[in-house]
Structures are given as C-alpha cells and as structure tokens.
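**Student:** Listed below, chain by chain, are the residues.
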Amino acid sequence: MGSILLENVSKAFGEAVIIPSIDLDISDGEFVVFVGPSGCGKSTLLRLIAGLEDVSGGRILIDGSDMTGTPPARRRLAMVFQSYALYPHMSVRGNIAFPLKMAGENREVIERKVTDAARVLNLTDYLDRKPGQLSGGQRQRVAIGRAIVREPGAFLFDEPLSNLDAALRVAMRLEISQLHQHLKRTMIYVTHDQVEAMTMADKIVVLNAGKIEQVGSPLELYRSPHNLFVAGFIGSPKMNFVNGIEAEKLGAATVGVRPEHITLSTSDGLWEGEVGVAEHLGSDTFLHIEVKDVGQLTARVGGEFTVRPGDKLFISPDRDRLHRFNEKGAAF
Amino acid sequence: MARAASTRRKAVFTIIGWVAGLAVFFPILWTFLTSFKTEGTAIATPPQFLFFEWTLENYATVQERSNYMRHMTNSIVMSVGSTLIGLLIAIPAAWAMAFAPTRRTKDILMWMLSTKMLPAVGVLVPIYLIFRDWGLLDSLAGLTGVLVMVNLPIIVWMLYTYFREIPGDILEAARMDGASLRNEIIYVLTPMAVPGIASTMLLSIILAWNEAFWTLNLTASEAAPLTAFIAAYSSPEGLFWAKLSAASTLAIAPILILGWFAQRQLVRGLTFGAVK
Numbered sequence: 016m017g018s019i020l021l022e023n024v025s026k027a028f029g030e031a032v033i034i035p036s037i038d039l040d041i042s043d044g045e046f047v048v049f050v051g052p053s054g055c056g057k058s059t060l061l062r063l064i065a066g067l068e069d070v071s072g073g074r075i076l077i078d079g080s081d082m083t084g085t086p087p088a089r090r091r092l093a094m095v096f097q098s099y100a101l102y103p104h105m106s107v108r109g110n111i112a113f114p115l116k117m118a119g120e121n122r123e124v125i126e127r128k129v130t131d132a133a134r135v136l137n138l139t140d141y142l143d144r145k146p147g148q149l150s151g152g153q154r155q156r157v158a159i160g161r162a163i164v165r166e167p168g169a170f171l172f173d174e175p176l177s178n179l180d181a182a183l184r185v186a187m188r189l190e191i192s193q194l195h196q197h198l199k200r201t202m203i204y205v206t207h208d209q210v211e212a213m214t215m216a217d218k219i220v221v222l223n224a225g226k227i228e229q230v231g232s233p234l235e236l237y238r239s240p241h242n243l244f245v246a247g248f249i250g251s252p253k254m255n256f257v258n259g260i261e262a263e264k265l266g267a268a269t270v271g272v273r274p275e276h277i278t279l280s281t282s283d284g285l286w287e288g289e290v291g292v293a294e295h296l297g298s299d300t301f302l303h304i305e306v307k308d309v310g311q312l313t314a315r316v317g318g319e320f321t322v323r324p325g326d327k328l329f330i331s332p333d334r335d336r337l338h339r340f341n342e343k344g345a346a347f
Numbered sequence: 016m017a018r019a020a021s022t023r024r025k026a027v028f029t030i031i032g033w034v035a036g037l038a039v040f041f042p043i044l045w046t047f048l049t050s051f052k053t054e055g056t057a058i059a060t061p062p063q064f065l066f067f068e069w070t071l072e073n074y075a076t077v078q079e080r081s082n083y084m085r086h087m088t089n090s091i092v093m094s095v096g097s098t099l100i101g102l103l104i105a106i107p108a109a110w111a112m113a114f115a116p117t118r119r120t121k122d123i124l125m126w127m128l129s130t131k132m133l134p135a136v137g138v139l140v141p142i143y144l145i146f147r148d149w150g151l152l153d154s155l156a157g158l159t160g161v162l163v164m165v166n167l168p169i170i171v172w173m174l175y176t177y178f179r180e181i182p183g184d185i186l187e188a189a190r191m192d193g194a195s196l197r198n199e200i201i202y203v204l205t206p207m208a209v210p211g212i213a214s215t216m217l218l219s220i221i222l223a224w225n226e227a228f229w230t231l232n233l234t235a236s237e238a239a240p241l242t243a244f245i246a247a248y249s250s251p252e253g254l255f256w257a258k259l260s261a262a263s264t265l266a267i268a269p270i271l272i273l274g275w276f277a278q279r280q281l282v283r284g285l286t287f288g289a290v291k
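Protein sequence lines correspond, in order, to chains A and B.
Numbered by the working numbering, the letters in the first sequence go through residues 16 to 347 in order.
Numbered by the working numbering, the letters in the second sequence go through residues 16 to 291 in order.
Just so you know, the hints here were simulated from the structure itself, not pulled from any lab data.
Worth double-checking, as some hints may not be accurate.
Beta-carbon label-pair distances, calculated as ranges [claimed, not checked]: (1) A:126 with B:37: 56 to 64 Å; (2) B:278 with A:224: 48 to 56 Å; (3) B:269 with A:137: 49 to 57 Å; (4) B:91 with A:143: 34 to 42 Å; (5) B:91 with A:198: 33 to 41 Å; (6) A:224 with B:179: 26 to 34 Å; (7) A:52 with B:33: 32 to 40 Å; (8) A:147 with B:179: 18 to 26 Å; (9) A:103 with B:123: 25 to 33 Å; (10) A:198 with B:179: 33 to 41 Å; (11) B:136 with A:143: 52 to 60 Å; (12) A:339 with B:118: 47 to 55 Å.
Only some residues are given here: those of chain A computed to face chain B with a beta carbon under 10 Å [what the hints assert, rightly or not]: (13) 90; (14) 94; (15) 105; (16) 162.
If you want a taste of the chain A side facing chain B, the calculated C-beta under 10 Å gives, among others [stated by the list, open to error]: (17) 88; (18) 89; (19) 95; (20) 103; (21) 113; (22) 114; (23) 161; (24) 165; (25) 167; (26) 193; (27) 237.
Since the model is a prediction, treat every value here as computed from it, not as a measurement.
We put the beta carbon where it would ideally sit given N, CA and C, even for glycine.
Could you put the whole structure together from the sequences, leaning on the hints where they help?
**Tutor:** Here is the structure:
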C-alpha cells in the first residue's frame, strides 16, 4: 500500500546541488522522520517524493512502480504543509471534501467520509466555518482531515507543527502518533526538532548537507551514533564533546558523553570543575560546569540539586557509555 | 504644539487635495454645463458659468441625428467582450509567470510592457491593411480583437502582481489533492484571486471604453462605439460645442457611474502590491 524506494535520487537547482545522491527504503506502514538542521535538504527530499519538485537524477518507486515522472496528483500521496495551505475561500467541509471532489466521488460518499473525518478529528462543530475563523491547532487538524479522506498510500508531513505554540505542539504530536497507530499507513514526517523525531518515529533519517548521515530507530541513534554529527544532533541537552589531551587519555580523538551519563561528586572524580549556570526544571537539573583543559560540560541530574554558581564539583563520565570518535569524526 | 502644527498641515494638505481634485474634475464639469447651453452661450466671452438659460435642446438634436443606443451597445460589447477574452488568455498566462517562472519570465513581462511604449500609430498601416484584406473593417469582432491585444499586457501584468501574493503552498496542496491544472485554476486560484480579477476587469473595461485611436480608425458606422459618436460632433464644418458636449456627457456617463460605484475596487487594484 505505501512502500517507497529511493534509488540514487539527486536534486540540483541550477549550479546548487541540494541532494547529491540518496538511497532509502521505506516500508509500508512505517513512521519515518527526516530530521536535520535547516537547509539540509529534508524538505526538498519530501517534495521530490511528493512530486512537487522534479528529480535531477535517480528513481522514485512507490509500491514497486516507477513514479519518478508521475504528477503529484497521481502518486496517491497526501501532504500536510507547514503553513496548513487550506483553501481560504472554502469552508472546513469544502476543504476536507476537495480531494474527494477531485477524485469524482459521488455526493453521498463525500458527505459520509467528511463526516467521519470530522468526527475523528473533533471538527464536527466547525464544518461550516472558514479557515480564517479557526485556531492554529484546528487549522492543522483540517489539513490532516483533508489528507486522510483520500485514504492515500502514504502521508507526507512538512514540519506541520512549527507554527503552533509549545503546548499545542506536544498535544498534536500525540494526535499524529495516535493517527498513525489507528490508520497503520506509511507516514513521512519532516522536522528540525529532534524531540519530535525521537518521540514519533519508527525510523529516523538524519540528514546533513543533502546526505544521509544515519538511518535507524530512535534508540539506535541515541545509543550508537555513527558519527559526531548524529551524536550531537540526537539527544537533548546535546552530547558533550571532549577533545585534546583529555580525550587522548580516554583513547580517542574526540570523546562524547551525554549529560545524563555523568556522575557528580563533591569529593572525587575524573575531572574537577566549577559550576556556571544551573537550570532547575523540577524534574531535572541541568548544570553547566566549566572544567579546566576540557571546556564547558553539561550535566543532567535527576530531581532537584542544590548548588550555587562557583561551587566546585568532581565529574566522572560513565566509562561504559562513552562515545569514541576518530580524527574524521566517525565512531569506533 | 505638535498637535496644532499637525492640524495646520492637515488643513494645507486638504486644501491642496481639493484644488487638485477640482482641477482634474473641472473639464468634466464644464462639458456637463456646456451641454445645457445654446450654441451661442457655449462660445460666449466671458464664459458663463451657471447663470444662463438651461436647455435640453442639444440632447434632443443629438438623439435625432444619431443612434445613441447603437453606439452604446457597441461600446458595451467591445469593452466587456475584449475584457472577457483578455481574462481568458491572461489568467493562465499570469499563472504560468507567477507560479512556474523560468529565467526568461521577467524578459517576457518587460517585452509585453514594451509593446505599450510603442506609439499605436506605428502599426496603424499594417493593421489597417490586415483589416481591409480580411474584411474586418467596421466590424465588432475585429475591433474587439484589437482591443484584446491592446489591453492584454496590462491585464497580464495586473493579474501577475495579484497572483504573486497568493501562497504557492495552497496551489501545491491542490495538486497533492488530485486537482488537474485546469481544476487548480478554476477551483483554487481564481476564487482566491477574485478581488484582483475584479479590479483588473474594471480597469480593462474602462480602458477599452475610452480607447479612441483604434475605434476611430477602424470603424465607420456599423461598429462605431461611443468614442466615434463623440468625434462625429467635432466636425470641420463648424464648431458645435454644445452638441459635442452633450454627446460627450452621454458617452462618459455610463463609465463614470460604473467607476464611481467601483472606486474602492479600482483604487485597491491600482495600488495593489505597492504596500504589503
């Protein structure tokens, strides 16, 4: 129903090469997240799959058939845009019904499917409103409704939650995950937010400068990042990197240690440092500690941790959870 | 103090505005007044402003001597017809330029505009000859065609500016939703651009209504619109100021009334895109 295969796909706009060459296999029913910093080509890759951009080279296979040159309307994919992209002159009902109308469905079928979608998405009371009269979260739900009524082979989400406030983002994240469990359809989701990637994905594709850095499940990427880029990108707060002589003592060009894999002590430890800023979140405390010859390290301590700026602390990374990287930044 | 100064400034600007407005309106007012004078008072020195003997005689004569309704119908057919045909060509053209631009799009737009910089008389002879050979002289079809060509660059330009303001995402969403190019334009682009299309339409109708060069040169009687009707009263045999004014008043009245009711749309149309 919704397997997608990319073979040697490349894209260039004139001289500027956005995606040199990508191979990727997405199985039917998978929730795949493309994540990476802005400008890494993740949205472009999604648009290539959608057919909104033409590839410069390579092939795109959907359910085994070559769709490289097929127009977007005939790829059986639905897309939810960052800007929602609702039709402002149509009511919510008109918006959700639009893809069905384009598919030439008869009136009763359209009415039934629109009603169903509205019920699933809690939009029943808003069917006759125009998009301009809805809140951001409701607009996003209309956009999702418009996508689900077509029963597409796969859903494409292009940073759909970026325009929402933090609380709504968390709620919508959950709704989309539930929708995936309910529909069991392939979803490809683009985001620059690694928390969204970690919480929603079956499989994360980390992109950087148009190249795939690593593909894997959220925990695979967390536990064994292949290189410095993935190590630094996945996980919050960011992994600490130690270079130079202290790293050499631990047997690597660069050593990575996650903030949650640090043991603090007032009496002894590997490194001694001075507390700079302490961020108290209630559930956790993040300490930013300045260590001589090592630089600034971030440590995460569960619960409340009473400490004052300028206090001296001893820091020991958990030896069996260290990440070691060679000069080229690859993990070993 | 600041407030007082700003009030004075406002007063000055208001006066300047009124003076400018009246100066622009004066010829129309004068034409209107003259149309109610006798031929004698019309050329009297010093000119008589309001206190003269009002008469409807000129309107009666004009009605008698020519068929106002036919000229008016011709004007309507030509201006509305050329506008509709123009929109039919310009909407897809502006769509292509706004949403699927190539490296040459700007050049094409400039080239289209450059045709408006050419004096019309420069192509009068070839067009006249084509009209003569194809039997289009003094025909509504021919004239409408010429007006389409004359106004098309402006229609395309205006629509292009409007379309550029429409987020491309929405059209892409339509494409993802299974809309063909035709349906995308009919169901999504056009309804969203209605205000823009309406002001473009109004402007195009007004330009076609007032177009005098081609209408005078390519028509004689059958297809003659209101411009030709006015011109018929500026004859070399003598001055008929009052009758000319009556004909002019009759010719500009419909478009003036349309313009008055549509002024908000028009102003929005002319300044669109200037301020975000």
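**Student:** Out of the numbered hints, which ones does the structure contradict?
**Tutor:** 5, 7, 26, 27
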